[in-house]
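A.B. asks: One line per chain: the protein sequences are A, B and C, in this order. The opening residue of the first sequence carries number 1 in our numbering; numbering runs sequentially from there. The opening residue of the second sequence carries number 1001 in our numbering; numbering runs sequentially from there. The opening residue of the third sequence carries number 2001 in our numbering; numbering runs sequentially from there.
Per the computed footprint, the stretches of chain B lying under chain A, defined by three or more beta-carbons under 8 Å from a beta-carbon of chain A, are:
1) 1005 to 1016
2) 1053 to 1066
3) 1069 to 1079
4) 1100 to 1109
Think of the hints as simulated: they come from the structure by calculation, not from any bench. Quantities reported herein were computed from a predicted structural model and do not represent experimental measurements. All C-beta atoms in this analysis are idealised placements derived from N, C-alpha and C, irrespective of residue type, glycine included.
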Amino acid sequence: MSGNSIRDTFFEECEELLEALDEGLTSISEGQNDNETVNAVFRAVHSIKGGAGAFALDDLVEFAHKFETVFDEVRSDRLVIDDVLMALLFRASDHLTDLVEAARSDEPTDADVRRGILTELIKYIPSEEDEAAEMDAIDFQPTGLDFSMDLPGDDAEQPTYLIEFKPHRTLYEHGHEPLFLFRCLAELGDLKAQLNTDALPLFETFDPEESYLEWRLELATDEDEAKIRSIFEFVDGLCALEISEKAGDPAASAQEALTNAINIDDADLAPVETDFEVESVLDPSEPSPEPEKVIPVKAQKVAKPAGPSPTLRVDLDRVDRLINTVGELIINQAMLTQRMSEIEGIDLREVESELEDYKILARDIQEGVMAIRAQPVKPLFQRMARIVREAAAATSKKVKLETIGENTEVDKTVIERLADPLTHMIRNAVDHGIEVSEKRVETGKSDFGTITLKAAHRSGNVNIEIRDDGAGLNREKIYEIALKKGLIKEDAELTDNEIDNLLFLPGFSTASEVSNLSGRGVGMDVVKNAVAALGGRVSISSVPGEGTTFMIVLPLTLAVMDGMVISVAGQTMVAPISSIVESIRPEKGAVERMGTRERLLSIRGNYVPIIEVAEHLGLMNADTNDRSEVLLLVETEQSGQCALAVDAIHDQRQVVVKSLSSACGNVPGVSAATILGDGKIAMIIDTESITQSLVANKAASPKMTNLEEVQNAS
Amino acid sequence: MTTKVLAIDDSRTIRELLRMTLENAGFEVMSADDGVEGVDKFTEFQPDVVITDINMPNMDGFGVIETLRGDSVRTRVPILVLTTESSADLKARARDAGATGWINKPFNDEALVSVMRRVAG
Amino acid sequence: MQAEREAEYSKGIELVAFNVNGQKYCLEITKIREIRRWSPVTVLPHSPAEVLGVMNLRGAVIPIFDLACFFGMGKTQANERNVVIICAVRDRSIGILVESVSEIVSIDMSEIQETPKIKSETTKSVIQGVLSVEGEMARLISLNSIVDPIATDMELL
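Let the sequences and hints guide you as you build the complete structure.
C.D. replies: Right, here's the structure in full:
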């Protein structure tokens, strides 16, 4: 009920409206400027203005108003959108977004930018109309009456007004009720009313919808005539109305004039039903015997375009609490199952099916709850459209953004945390990927560069692809830079893929001069870390002359994953099943040594490096020569196949992912923790980061340790 | 019996503002997101007053007035239009269609309640 | 009399005293969420020596610190008689492993003396002050400075 909650509603709504605005503008820019599209855009801006007005957000109101007025011109076919105007509209839309954000956080915006855009917008607005309309927009004076609370004065010299009021039939048809008008008049002073029924016909000729009555009112008040007229504002033209000031003693003359008078004073201002008599006298025009006929109009209802399905807004905290509780339920279920199996003397088969049902129900609840947090990537992609526009403008390149799979749903947190990495990659793509038009045309490409942003669900993951049709990576240059920065050894022989992956090393920047667009001291390593923090990974592929593609693969939900329960150095841990190709119990002779420490697994004719997970995690392990070990073959984006050596595999199960970073900071080689059936915490190993030690091995040795650690941080 | 008000506006913010203001003033408020829903709800709830925005998707405010005043419904319930464009033009059009009066956005509590009293007591 | 005594108490604070490697330490009681018996923890890879690992406290992951180790007195030989004090630090919870909890003492703020000049920076940063509890010196510790260097360390890793 508080004003603040409505303010929150306003800003939430603004997000949707801005989204609709952006969508509409994009449609228009693609040539779809039919009435409905333009109208939708107009409405979006208009609604923002309306709400902003209610909270006295003057900058926002003013800007939205000008913006809206331009659309009004377009709507009424007085203005045609050309490229220049289109660009301006996009800029205005972006600025409107900024203004809303600023209003929300109560921060100032760049007044110069606003003035600049406003000046340009005004050029499209015929000046007179604009000024008139502007007055309206910024006029916060209510047109309604200000009820002065002054009681009708005991001032003897109060002037008296004579009001002759004869409603037309249309007055009733417009839903007016003279009684209510009289009540409002009565609040201004002392009111006496006289009803003239002379015009009432005989019953046979009575038309219940006709207006036969007229009133003669006398109002003794200190208010002026304008105030009285304002009460009749809505009925202007729907009645014959004459107001004049009367001389002489109001009370006496009124008394004499009243023959069939009804005195309306404060006592009559009780709820409607109590003065039934008054009403029936005052309202003979009501077709009394027959109740108002209401025919459902559903049948003629216009087919509603498939709009969004009904939604319910829920506080995120509540959802998260629910998710947590469901997580506990899953753990509880696992613990229960484990305990049951440990109890001797009972026949598990008796409860097995119930336990199984419990498990299924718990999973169903969990899936349902997780779906609440899922949101389409559309708003995120739309933000990227803006980034492309800005980046293209800053670099004077022609670039357009294509989006595919906008309705793909991803966990809300993923959407929030992907914004920065995506922004960075998009800027990079415009800045370094896409060539200038002349160069593109020279090489037989269209002068417009295209960046494609694509989202899709793939086998329990969400894939997000950022593809540009630019020049592709300049591998020679990357190699050179990596060498210069000491990221690789002089004689390092790297495959193309390995060279591409150097981009992800900390402190790498391909721009030979730091451009102010993408070179803000942020490298692709930050992108990689951000994605890794979400439990995902990012890979790169590039074809010279054809472009570069980044692929981000993320788990569908952050809260649950399929894990393989393993032992490492006596500790129970979990490896994400999604990363494991197969588990291998190597036969004698399948493991070859390289030098003293390195080991390779021979599998189907290939030699795959073996990584000791315990060693990588800094845990002591028994002598590797003589223990039973299991190898997990993992496929990685960067290092190809690797085998992770662990002590044992116990089980496969779904585990609830618990963040470690808030309690313990980031732990290298570990992505998160989970709670197992016995109530103990188990680390979830980060296979991707563990295998990266192989890439790091190729780096110059003095830097190695450091590099590895920074890389592994997420 | 409390006076029932149907508020039709495509802006959630405005709907909420109307609801809060009118409920504080003792009215019972129900709302609809656009004209089509508004007309549906009108037949369903039989409100005593209708407040409608003009520019809305699916069916605009003029459509609402015309439908409610038209032969199929033929109501005499007061219909107030919400308008930021206080241009006489829109008001005249709304009035010609059968609107009872208008409320200028942005409205304050007092102005809104005062208009309500003029048309709904 | 009664009123006076109450006024005195209201200026005072309550401390929980405990033993670490034979030395007496104490913490403000308001910082303590609960005291639990020691149970084995899960090792946290790449953590400093004083971080024993993490434990599950009703679904939350809580890091457990060995205070003795932090003060360079070697690892506490964790056994069933030891206790873990769960404390609130900033907006998270941590546990500290101690030998045993000895008592709760009510003292007046004025009884706390500034930490005498000592060499060890680590120790100095953690000891807020010292006081005498039944003739024995007790060290009042600040949890922020225990967690900070470790947390920062780990984030930098």
